[in-house]
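S.K.: Listed here are the chains, written in short residue letters.
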Amino acid sequence: MLKRLEEKDFLCLLERIAERWQLLVPQRMSDGSRLLLPWQGGLPVLAGPPLQRKPTEVFFPQLELLLELDDAGGVALPNPPEKPPALLGLDHLDLAGIAFLDRFFLSPPTDDAYLRRRRGALLVGVSGLAGAQGETLPPLEGECDLELILAPDGLLAHPHTARGTELLEGFAEAAPDKLAALDRNATELLPEILLKAARLLQEERVPEDFWEEIAARCIACGGCNFACPTCSCFGVQDRTFGKRTERSRLWDSCQLDAFMREASGHNPLGTETLRTRRRIYHKLVADPLRWGEPGCVACGRCDRACPTGIGMFALCEELVRTCDRHGS
Amino acid sequence: MTAPASLYAPRPCRLLTVSGLTPQEKLFRLQLVDGSSLGHQPGQFIQLSIPGLTEAPISVANSPTRGTVFELAVRRAGRLTGALHKLAPGALIGIRGPFGRPFQLDALRGKQLLLIAGGCGLAPLRSLIQYCQDRPEEFAAVHILYGARSPADLLFKDDLAAWQRSERLDCRYTVDRIPADSCYDGETGLLPRLLSQLELDPANCSAVLVGPPPMYRPVIAELRRLGLSGERRIMLSLERQMRCGVGKCGHCSIEHLTCCSDGPVFWLEEVEALRGAL
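These protein sequences, in sequence, are chains Z and E.
Take the first sequence: its position 156, counted from the start at 1, is 156 in full-length UniProt numbering, and no numbers get skipped.
Take the second sequence: its position 90, counted from the start at 1, is 90 in full-length UniProt numbering, and no numbers get skipped.
Bound conformation, chain E alone:
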C-alpha cells in the first residue's frame, strides 16, 4: 500500500456538535482534522464517508464566510445516514470534496434575489443566505421563500425566526398542511402562493431554486408569470444520486450532463429541454 493521492480518498474530519432540526433531520458541525478550511462555495456538496457503509452526497449548509467549521443537515433515510445520526461529538468521519458547480455568485451580484427552497433544499440554500447576510453590500435585496410539508418538517426554525427579524432579509415560509393538534399559526399552501405576495422588479431580479423534483415546474411557471424570462434569470440546484462526485460513476447523468460536476447548480435554460432533468 502507498500513501493516498486519489480522487476517492476521504479526508478525516471531527464531529464537533450534533443538534436536532426535526424528528428526521439533524445538523452536524464538523471540522477537518488538520484544521484547514473546507474551501467550499455556496451550493457545493461533499461525499460523506463512513467505513463499512460507503458514501453519500450531502450539501454544505453553511457559508464559507463562517470560518473553518462546516455544517451538514442530514435526513435519516438509509443505513449511512442512520449510522451518522447515532454518532456523538468527537467521532471521526471521512469526507471528499467539496464538489460541483456552486451558485453563480457573479451573476447574482447587484440583483434582487428570490431564494426559494422546498423541504431539504433549505440546507444548501442556507449557505447562500448566510453569504448574503455576510456580504449585504453585494445584493440589492434578498427574499427567502421556503415551503415544508408540515410545521414539524420546517428546517432551521431558529434561522427562519432570525431571518424574519432581520431588516436586510425578507423571509416567508409556508407549510402544505397543518395537523389537527398543531399550534402553528403561519402560512399554509404551496410555495407559488408566497411568490404572488411579493412586489418584484422583474427586470433586476434573479431566482435560485432548490427543492424536491415536484417543486420545480410549478414554481418556474409562477416565476415566468411574474416576468422572470430570458436567459440567466433562474438558477436551480438538482438532486441526484451522486456516488463518486467527480463525473466518473454515471449515476447522476442527465442526458449528456453529469449532475455532480456540470452541476448540481444549473441555469434553467441549460437543463429545461433535457429529458428527466425537471
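Looking at chain Z on its own, in the form it has when it is part of the complex:
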C-alpha cells in the first residue's frame, strides 16, 4: 500500500523507528559527501551522492571483537547491541551489497559475529529522484523493509515487509498514479562494460601482460578492498590485558603481500600481478561460480578510493580496450 509522507509524517516515522532501532540516517558533511550517522532529529539528506562509506560496515565493521579468552580456557562472547540498527537511505546498490554479504556470512556455517549485528536490523531504501544530480534511482525489489520514494511532488513510502507495513500504519494513502511521473523500470545491476570484462575473464582471453601493467600501478594501499561493500576478507588479532585476551577480526586486503603467505614462505599470491588479477577475477568470475552473483555491485567506491586509477570500472574499461586491441 503506497503512502504519502508529509514532512511531519516523515519525522513521525523516524521517531517510530528510533524507538525500537538504533537509527542511522544519511547526513551531509562539510565537503558535500554523505555519511550514515546516528539520527539526532531533523530530516535526513535522502538525495545526493552515494553514501561515502559502505553501509555493510554496520554489520561487518573494520574492527570487531569476536570473543574474550582467559587463562583458564574460558571464552566469553560480546553481547548483541541493545537495539538492532536501522539503516535508512540505502539505494539499490547499497542493498545489493548487503544482500551479498548476508548470503556470504549467513550461509552455513553461519557467522555468529555477523549475525549478532545483522539480526533484527531494519533496512529502509530510497528510490526516485534521489540521485546526486537529481537523477532517478531505480525501484527496490523487496531487499528492504521499507522503500522511500522521492516523487516530483513529495515523499512516498512503500512497505516490502510486515515490519514496513506496521511502521507506515496511520499515514495517508497515496494513489498509485503518484508514481506515474517516475521511471520505475528496474535496471541491470552490472553495466555492460563489467559484463564484457567478466566474459573475457571467464574465457581466459585477457593477456598476461595486461595484469603486469595494471599491477605496476598498484601501490598496495588496500583502499579498493576497504571501500568495497562486498569484500569480506578478514584477519584476526589478539590483544592481551593481564589474564584477559581480546580476540578481534579486522578487514584484510588481498592486495597485500602477506595476505596468503604461509609460515613456510610459500605464497600463492606472491606477486602484485597475481594479486591484481585475483581481485578482479574473484569478483567477476569466482563469485558468480560460487554464489550465482558477481561480487561487484558497481557502486564505484573502489574507483573513487584508488589513488592510481585502477578501480573496477577503470580497470575493466582498460581490460576491454586491451582485448579489443589484441583481437581476443
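A few of these clues could be false.
Covered stretches of chain Z, as calculated for chain E (at least 3 residues, CB under 8 Å) [unchecked claim]:
1. 14 to 25
2. 64 to 78
3. 100 to 112
4. 199 to 209
5. 228 to 235
6. 286 to 294
Hints in this document: simulated from the structure, not taken from any laboratory.
Yeah, the Cβ is synthetic: ideal placement off N, Cα and C, and Gly gets one too.
Dock chain E against the given chain Z, drawing on the hints supplied.
M.R.: Frame of chain Z; chain E shown alone:
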C-alpha cells in the same frame, strides 16, 4: 558477555606429552578437557589457539581409531608455534575444529594405495596410514613413499622403522641430500624415483599426495606415466594459510574454492586447472 556459541570459540584441551621429532618439529599429544573425542577424520585439521598469539591451522597426525587423544606434529616457524614448542605437559591450549574435507575413504576402499608424502606432509598422511593399519581388511595393499630434505628432517623415524617392519605395509623413504657427517645409509634422490621402483596394478591403484607445493607436479607426472589416469585416481591435500577454518576469512581461497572448507583434500581434477592451486 554471554556463554559461547560461536564458530570462533576455541575449546580447551590439555597438553599430555611433548616429544621431539627433529630439531624443528615436535609431536604434541592432547586431549579435550571434557574428555570427549575430537571426532576427526584422517586429513582434517584443527585451529590451534594460544591467547595473545591468535591461531594456526595444524593437521591432526593420528587416526581417529586410536582413541580420544589426538596428536599434532608442529614445526617451529613463527611466534605461535615457537610458544607452543616451549609449553610443558599439563598446559592448557585451545582448539577449534576439526575442519575441512577429509581423505575420501570410500573411494580408497578395496584399492591398492600409494600414500605419498613430502616433508611435513607426513603428519596428515600418518593419520591415514594408521587408519589403514587399524582397518587392514579395507585396503588391497598400502605403499608408503616419503621424501625429506635430509636425514635430520625425517619425521616419525620410529614409525617409519615400524612401518618398514610391518608385513602389511610397504614403506620406502628417501632424502634429497646427505650431509658429509651423516651415517644415513638409506635411499637418496627425489620422491618420483621411489615410484619407479614399485610394481603397480594401475587399474586398481589410487594415490594420495601431501607435501610442499613443489612436490606435486613432478610426482603427478610420474603417477600418470605409471598409468594412473582418469578421474578420482589422485587425491591431494593442499597447504594454505587457513585463518578461520570455516570458509569466511578468504585467506585460503583458490579461485572459487576455499581450501579450508572445500578442501584441504581435493581430487586432482577439481583443482588442476585452477590458477595457483598446484
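S.K.: Each hint needs a verdict: does it hold in this structure or not?
M.R.: For each hint, the structure was consulted:
1. 14 to 25: violated (count 0)
2. 64 to 78: Result for this restraint: holds, n = 12.
3. 100 to 112: Held - the segment 100 to 112 of chain Z has 6 residues with a Cβ nearer than 8 Å to chain E, which meets the minimum of three.
4. 199 to 209: violated (count 0)
5. 228 to 235: The restraint on the segment 228 to 235 of chain Z holds, since 4 of its residues have a Cβ under 8 Å from chain E and three suffice.
6. 286 to 294: holds (count 4)
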